[in-house]
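Asker: Got two chains here, each in a separate frame; can you build the complex from them with the hints?
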Amino acid sequence: MTGLHTRQRGVALLEVGLALMVMSTAFLAMAMLLTNTARGLRSGHAMVKAAALASDISEQMRANRAAAEALAPGRGFVLEGSYGTLSQVGALPTPTCGGRFVRPPDTEVLLPACTDAKGFADFSVASWLTQAQTSLPGGAASIVDLGLTRRRIVLAWMEPLTDRKDGVVAPLTDGSCGLVPTLQAKAASGVRCLVLDFSL
Amino acid sequence: MSLGMVVIGVAIGAFLSVKRTATALGASTIVSDLSQSAAAYLGLQILQAGYLDVMASAEGATYLPMLDGFGAAPGAGSGDLLPSVHAGTHPGLRSIHGCDGSYARVSSLLSYDCSGTNPLAASLSVAYQVLATPNGWPAHSLGSVFEPNRGFITDCGAMSPRAADTPTANPAGDVVINRFYLDASTGQLMCVGNGNPDAPVRLAGNIEQFQVEYGLPLPASGEAEAVARFVPAAVVDALGATAWSSVLSVQVCLLARGEPGSIDRASSGTNLFVRDCAGRPVSTRDGALRRAHRFVFAVRNSVRSAVSLP
Numbered sequence: 016m017t018g019l020h021t022r023q024r025g026v027a028l029l030e031v032g033l034a035l036m037v038m039s040t041a042f043l044a045m046a047m048l049l050t051n052t053a054r055g056l057r058s059g060h061a062m063v064k065a066a067a068l069a070s071d072i073s074e075q076m077r078a079n080r081a082a083a084e085a086l087a088p089g090r091g092f093v094l095e096g097s098y099g100t101l102s103q104v105g106a107l108p109t110p111t112c113g114g115r116f117v118r119p120p121d122t123e124v125l126l127p128a129c130t131d132a133k134g135f136a137d138f139s140v141a142s143w144l145t146q147a148q149t150s151l152p153g154g155a156a157s158i159v160d161l162g163l164t165r166r167r168i169v170l171a172w173m174e175p176l177t178d179r180k181d182g183v184v185a186p187l188t189d190g191s192c193g194l195v196p197t198l199q200a201k202a203a204s205g206v207r208c209l210v211l212d213f214s215l
Numbered sequence: 516m517s518l519g520m521v522v523i524g525v526a527i528g529a530f531l532s533v534k535r536t537a538t539a540l541g542a543s544t545i546v547s548d549l550s551q552s553a554a555a556y557l558g559l560q561i562l563q564a565g566y567l568d569v570m571a572s573a574e575g576a577t578y579l580p581m582l583d584g585f586g587a588a589p590g591a592g593s594g595d596l597l598p599s600v601h602a603g604t605h606p607g608l609r610s611i612h613g614c615d616g617s618y619a620r621v622s623s624l625l626s627y628d629c630s631g632t633n634p635l636a637a638s639l640s641v642a643y644q645v646l647a648t649p650n651g652w653p654a655h656s657l658g659s660v661f662e663p664n665r666g667f668i669t670d671c672g673a674m675s676p677r678a679a680d681t682p683t684a685n686p687a688g689d690v691v692i693n694r695f696y697l698d699a700s701t702g703q704l705m706c707v708g709n710g711n712p713d714a715p716v717r718l719a720g721n722i723e724q725f726q727v728e729y730g731l732p733l734p735a736s737g738e739a740e741a742v743a744r745f746v747p748a749a750v751v752d753a754l755g756a757t758a759w760s761s762v763l764s765v766q767v768c769l770l771a772r773g774e775p776g777s778i779d780r781a782s783s784g785t786n787l788f789v790r791d792c793a794g795r796p797v798s799t800r801d802g803a804l805r806r807a808h809r810f811v812f813a814v815r816n817s818v819r820s821a822v823s824l825p
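Heads up: the protein sequence lines correspond to chains D and P, in order.
Here the first sequence stands for residues 16 to 215, numbered as in our numbering.
Here the second sequence stands for residues 516 to 825, numbered as in our numbering.
Bear in mind the hints are in silico, worked out from the structure with no lab data behind them.
One should not assume that every hint holds.
As the list claims (entries may be wrong) - If you anchor each label on the Cβ, the simulated ranges turn out as follows:
{"#": "1", "chain 1": "P", "residue 1": "Asn664", "chain 2": "D", "residue 2": "Ser214", "range": "57 to 67 Å"}
{"#": "2", "chain 1": "P", "residue 1": "Lys534", "chain 2": "D", "residue 2": "Thr111", "range": "43 to 53 Å"}
{"#": "3", "chain 1": "D", "residue 1": "Leu48", "chain 2": "P", "residue 2": "Arg620", "range": "51 to 61 Å"}
{"#": "4", "chain 1": "D", "residue 1": "Arg165", "chain 2": "P", "residue 2": "Asp713", "range": "41 to 51 Å"}
{"#": "5", "chain 1": "D", "residue 1": "Val124", "chain 2": "P", "residue 2": "Ala679", "range": "28 to 38 Å"}
{"#": "6", "chain 1": "P", "residue 1": "Arg620", "chain 2": "D", "residue 2": "Ala53", "range": "40 to 50 Å"}
{"#": "7", "chain 1": "P", "residue 1": "Ser552", "chain 2": "D", "residue 2": "Met173", "range": "20 to 30 Å"}
{"#": "8", "chain 1": "P", "residue 1": "Ala679", "chain 2": "D", "residue 2": "Glu123", "range": "44 to 54 Å"}
The structure displayed is predicted, hence computed values, not measured ones.
No residue lacks a Cβ here, since even glycine has one placed at the ideal position from N, Cα and C.
Pulled out of the complex, with its shape left as it was, chain P reads as follows (with noise of 0.2 Å):
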């Protein structure tokens, strides 16, 4: 009888310990899954952001020569300013943007008006060329209008934003915007491209916060790039339209939950050396794992480093 006590005890403590393992190694993978995920993606993004073919000239950088037979690129322009400043090829595009809260239209997606303020859930916008065909041509015609029926990589929902391909696209052409948002209500992390602008798909779930700051440069580092600081999106807005174009790095904060369940409940609710994005202890009181994960992504096609090219 004893025995068999002792045989039933172990089973049960070893089937709790199973249990309990199991449950905390499933939170800490789904928490380092879910933020290293999407900040892949975004990364891939923000790397891209304001990409745009050009080639040197004797008046500087411009455009690439015609090359599919589809017509010829534009002859003019210094195509310096063109990686994040698209003022003279797309009206009103912008290579990056943000803000902090979220968009006041988020499918319309060549207005970049801000709605409300939560640096938590901010709101990121990205645009870059892409090619014009499937046979690999770099894209030459973004001029002063889209190109509706060129452009052959997708967007964040796996539409073309080419007319022919996709009816709903908005704007079409050859040429990617995507939209990420955090979904706050759901936990969820959004994006909406311009293949289907009334079309968000989900990238993550399961994150409670989005932040996202900018490094804007020194008032005056001559030809080398050097950061000042990490600033919200409402701090380069206030600086003019084209400070956007001089955006040399973004960091994302991500913060990520588990099940509840998957950490022991804190009798402070709180633990002091787990951080949010915002900087403060993460909450202990529901039993899910929380981490928060900071990338910082250094965006190649920003106004400091198209000015070296000759």
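The following block holds chain D by itself, in its conformation from the complex (with noise of 0.2 Å):
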């Protein structure tokens, strides 16, 4: 009698440990599926902006042709540059004119006409650029002059670590974010982009 007692609670203590791994296993695979989750709706509501940001600067080129059609690399609407270095926002200079400008932390300021199609280019891109900031995971953008009235706009942002390919995230485009296509600057780890060329 005392053998059969002790048998049966080691069966019950055998029961437990096996619903602990079975529940450990599925809480685990829950958060998993829960993190990825996450991160396939992260990544998708930065591709979603990303697409919003490009067809917002496109749109701006075309009501500015002034400047979109003229200016030369570095000047208005064409931001050149390495994902490293390109359009950090803070070492843009706050424009002049153009309307309401909001750079967060900072509060809004009321600017004046302005009185050149370079200085409404430079409010545009730096709203522009700052949405592009405080909406993507480390944000940044770039345009580039592909001659004549071509344009390529590029938005590179930091993407939580879904569909990794060889340990680096896959980008939209050949892997050097499109950019300068001379220089093919390749993007860093980590780092996705989103390349949207057009007609002026």
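Answerer: Shown next, in the form of structure tokens:
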């Protein structure tokens, strides 16, 4: 009788252990699922936002053709560089004209009307880059002159580790972020890019 | 006993984590989708604002000739001001117009009087010509009067502007007039079209701010287009009725709100790094996620664009 009782208690302990193992596995799987879901959703949001930002600046360039058509690199709508150096918002001067401008955490300022096309282009680019930085994780952007009326818009941001391929986040382009064609700057690990080529 | 407590604790923790994550993700998705979908539709409307079928002629741009047997096209008029100034076609019709508040008579779509001043609950009106027939022929009938029994593209409420299809259409004809405004009491972005001006439709909910500003051109920029500044509607109005025809771009800002409880309530009540459409830190006191999204759309049919026609 005593031996049977001892065996029964051992069975109960084994059952508890198995239950713990099963539940732990289930919890772990659920946690991983949640994590991946959150990353995927965040990635999707970033992609949608980047697409909206690319569309936004292309519209601004079309509405300000005087600046979009003729300016040299580094001026107005053309910003070139690699991901590490391009379009860091803090490096850009605050625009002096163009309308409502805010760069968090600073307070908003209401700027006067511009007197030339470049002034408004500076306003557009500064506002756009501020949006890119505040709405995309580690967001940066560039606008490249491809000749004639063709322009390339590049938005880059830090991506949570999804779609890994050889330890590097798979970019949407050929791994170069599609910046300056002759430069072909390599995107850093964990950087995802969106590239939009269009004509004014 | 101890093991059981640990298991129950982990289960409760996992449940709370799932619930919190799901709420946050849901709010983020709602906020993003709301503004993106509303902006996509508004953008499409703004791009079409002032659309009118014109073609080159010896005197300049003019209407398309008769195509579908409904009658000859008007033979006079330069056409170069038609896309945004309809003074020579539909008297009183404006292809794009806005108010820093609401329209005094929202359902009277040819009345552009504004009422009140609230730039964060703005109103926007767009108008454009539509196809005359389901066969796809461009309309050619935009003269000095409406053609009530033509028009084959529906307004924002999916109602035909043609009198034969929709007796409630006002004004009826081959033109669509859509008027957008924010119902601040319900947080809904609404639209009323000339298919049935007395039946507004909801474009999006959970919208707290709807701000519209207009890109005016430089005083003298030659043929090239260049914006000088984004200004509210009152500034454009102050420049005279024809100033609306020179609007080059439109900047729309939407502040979307998630469900309460979607974020932690900040002790300060605001988030300095997230601004609303007026540039103020958004409130977080109710624990609802808020995000402002700005969009710029170039007006394709502005006068500056039209004058380059041969």
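Asker: All hints, please: hold or fail.
Answerer: Cross-check of the supplied hints:
Checked against the hint of 57 to 67 Å, the pair Asn664(P) and Ser214(D) fails, with Cβ atoms roughly 40 Å apart. With their beta carbons about 49 Å apart, Lys534(P) and Thr111(D) fall inside the hinted range of 43 to 53 Å. For Leu48(D) and Arg620(P), the hinted distance range of 51 to 61 Å is satisfied, since their beta carbons lie about 54 Å from each other. Checked against the hint of 41 to 51 Å, the C-beta distance between Arg165(D) and Asp713(P) comes to roughly 48 Å, which is consistent with it.
Roughly 54 Å separates the CB atoms of Val124(D) and Ala679(P), a value that falls outside the hinted 28 to 38 Å. A beta carbon spacing of about 48 Å between Arg620(P) and Ala53(D) agrees with the range 40 to 50 Å that was offered as a hint. Take Ser552(P) and Met173(D): their Cβ atoms lie about 27 Å apart, and the range 20 to 30 Å holds. Take Ala679(P) and Glu123(D): their Cβ atoms lie about 51 Å apart, and the range 44 to 54 Å holds.
Checked against the numbered hints given earlier, the structure breaks hints 1 and 5 and satisfies all the rest.
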